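Going line by line, the protein sequences match chains W and R.
Residues 1 to 316 (my numbering) are what the first sequence spells out, left to right.
Residues 317 to 768 (my numbering) are what the second sequence spells out, left to right.
One should not assume that every hint holds.
[Said to hold, decoys possible] Ranges of calculated distance between the beta carbons of each label pair, as one might list FRET restraints:
(1) 123(W) <-> 569(R): 38 to 46 Å
(2) 179(W) <-> 392(R): 48 to 56 Å
(3) 143(W) <-> 392(R): 25 to 33 Å
(4) 569(R) <-> 180(W): 17 to 25 Å
[What the hints assert, rightly or not] So the derived list for chain W, only partly shown, Cβ under 8 Å to chain R, looks like this:
(5) 135
(6) 153
(7) 155
(8) 158
(9) 170
(10) 173
(11) 257
(12) 262
Don't read these hints as lab results, they were simulated from the structure.
Just so we're clear, the structure is a prediction, and the values are computed from it rather than from any experiment.
Cβ atoms here follow ideal geometry from the backbone N, Cα and C, with glycine treated the same way.
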Amino acid sequence: MRSTTGGRSSCPLPSAPFPLSSVICRLTAELTLKAHKLGWAPYLLLLPSLAFLAIFFAAPMIQAFGLAFQNGDGEWSTVSIRTMLDDAAFWRSLRTTLLLIVLVIPIQFTLAMTMALVVNAKLKGSGLWLYIFAIPLGISELSAGIIWFAIFTERGWLNSFLEGLGIVDRPIIFLNYQEPLLILLAIVLAEAWRATSIIMIILVAGLQSIPKDYLEAADMLGATTWQKIWRVILPLLRPSIQVALILRTILAFQVFATVIALAGRGLTTLSAESYRWYGDLQNSNVAAAYASLILLLSVISTLFFLWLVPANQDRV
Amino acid sequence: MTRDIFETRSVTRRGVVKAGAGIAGAAALAPLAGGRASVRARQDGGGDIVFLSTQLTPIEEAEAFRGEVLSGFEGEVEFVPEEIGPFNDRVSAEAEAGTGEVSLIGGQHGDFGSLAEQGLLMDLTDLATELADLGIVEEYLDLGKFGGEQQFYIPWMQATYVMAARREALEYLPEGLTEETLSTDLTYDQLLAWITAINEAEGPRFGLPAGESGLLHRFFQGYGYPSFTGALNTQFTSEGAVAMWQWLQGAWAVANPQSLSYDQMSEPLRSGEVWVAWDHTARLIDAARNSPDDIVMFPAPRGPEGLGFLPVVAGLAIPASAPNVEGARALIRYLTMPETQALTLEQVAFFPVIEGELPGDLGEGIQKEAGAVAATTEDEQALPSLLPVGLGDQGGAYNEVFRNVFQRAVVDQGDIQEALQTEAVALQEILDATGASCWTPDPESEGVCQVG
């Protein structure tokens, strides 16, 4: 990596063959610049949360990595990693997890953006909308899974509704393991309902921090609503979008209870396998291998979003 | 402590039959329940008692146990239901730390094996002698010794697995079977014909608890294998075993495909998603209790080798690191009292472990279930099995072998022999790793049990 003292200009452009090094380079450069201006006060203020993170996140994380590279007797070995890779459920769980992320995140993002714009439009009763949209936030993942199971199960609300309207003669079995796509769609719906509002809250906060002057200026220049969203709001919303994407993807890698509630053993995810290896098979090493993989994938996706949606866009 | 305590075969087949019959006898106790247990046990120890248990983990069971059973005990009890993994970790961690919060632990026979082996359980021999007058089934007390002299746990309650059907399913019974003869005559072939007929007329109405926390593996271990092969591990890949898995392929084809998400069968029976089901007594009781007139209960079917069934015994032990030993002993005394035993049956559908007649009035649902349990144990062809013995923390891995065969051969419709051969290797590895000798229904083995 190049010297960071020269500030941004010395960093490779994001489009360079090594996008990650560009991101890390710019981050360090900014930190160095700020340190010159403010001295060490910010770091002292950060210390308590750093200590918290170190004790409750970093230490267990390192322990988990350690466990993943040990065998049952505590000797260093790759046997746990190999057991995980050979596990019949490994590829299935990886596929489901990735598929869920690819399906859920764009849907949630579009929905959350729309909801955030509705809330921010300051229509009559917009405060009420915020509360209604935020209801699922207060519901745990498992409860959400059970609610949606009650909707989709054979004698559930959806079938009763369809039967009541005379659309179907006999209940449809939606949660049929022979139709994994149907189960997946049910999970996507449940997840979209459950976790869209967290994105919305972040986006609403971002929207409210956009100075009115910009939008007024756009109005004076005769911009249409669509142009305002595309040219003014979205670029200024980059930091919030970045945070929301990172947070949501990390949570999606951990999805667990919704899948168990809706699909049981019909579908499995990485975190469900981690739990199964720890709880049922009582092998904390292989469970740690799964957990470490989830961590690794989360880090990769975080770096990907840092590169894809840089928070500080130079041309704005 | 060494592994030796597991080398001795702890229970003979005869012993288990007698013990199994205890369920029937105990079922007769039930009626004593009537009202709440009014007798209060004397509690010598002060302070709170933390009671960690692998049993009664479903929320409804835990709530009923806290609110109706433990509330009669003089003293504060914090009941903490936990899965076996965290349960083991917590008990071992507290022992390692040298100071603990948990004073009493409850679990199945198999849950205590590795803890006893590591010397983490207190000697309860004197308490067992004191409680002998209560009429605790002797075979169950012996189980708690793991083949040695020392009493590691005190029997607490017992259960087994039966079948339940909605009344409308009876219309499709194959020729020669009636509601009455279901309890005495039903064979696996007839069951398949029955659920196939229902499927043709009404759709897939047979259900199995094949969900994440479902107990389907117990069906293979205690019902399918013993009924079709007369054994378990030693006949794992035998012709009888293939016939059993073929039967399951047939049954699965007419089973509700939502079965993979069923953890217990009460709910699907009540909603009508399932008309005929097999499950644990505690996991069927809600259906029987809520609409006793619409539900019939009967024993599992008979196979070529008999009516395989699995009596489950749960016990109470005190960890070596317990902070409130006197309190825990008082709680054991309270939980094994006839009144509390009857109350436990009434509230959570786990049957008493003490013999004797108790007067009173039980709900119709419990009576139906007790009838099915009695019909099972009294059947001439009854073939009781033990839960896995001596597997320690490999119990989950052992169950997974059976779930894997099910996944490969039945759910994914693969080749049965191929699935059995693959999993037989894993099964032998588990038995070798733990050094477990064969347990009922397998014949006694010299040394490690050999997969056949």
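These are the hints, each one checked on the structure:
Residue 123(W) and residue 569(R) have their C-beta atoms about 55 Å apart, which leaves the hinted 38 to 46 Å range violated. Between residue 179(W) and residue 392(R) the beta carbon distance is about 50 Å. The supplied range of 48 to 56 Å therefore holds. The given range of 25 to 33 Å is respected by residue 143(W) and residue 392(R), whose C-beta atoms sit roughly 29 Å from each other. Roughly 18 Å separates the CB atoms of residue 569(R) and residue 180(W), a value that falls within the hinted 17 to 25 Å.
Checking residue 135(W) against chain R by beta carbon gives a least distance of about 23 Å; that is not within 8 Å, so the hint is violated. Taking 8 Å as the C-beta contact cut-off toward chain R, the hint placing residue 153(W) at the interface holds, the least distance being around 7 Å. Hint on residue 155(W) holds. Least Cβ distance to chain R is approximately 4 Å, under the 8 Å limit. At about 13 Å, the closest approach between the beta carbon of residue 158(W) and any beta carbon in chain R exceeds 8 Å, and the interface hint on this residue is violated.
About 7 Å separates the beta-carbon of residue 170(W) from the nearest beta-carbon of chain R, less than 8 Å, and the hint is met. At its closest, the beta carbon of residue 173(W) sits 6 Å from a beta carbon of chain R; the interface hint therefore holds under the 8 Å criterion. For residue 257(W), the interface hint is violated, since its Cβ never comes within 8 Å of a Cβ in chain R; the closest pair sits about 10 Å apart. Proximity of residue 262(W) to chain R holds as hinted, the smallest CB-CB distance being about 7 Å (cut-off 8 Å).
Hints 1, 5, 8 and 11 from the earlier list are contradicted by this structure; the remaining hints agree with it.
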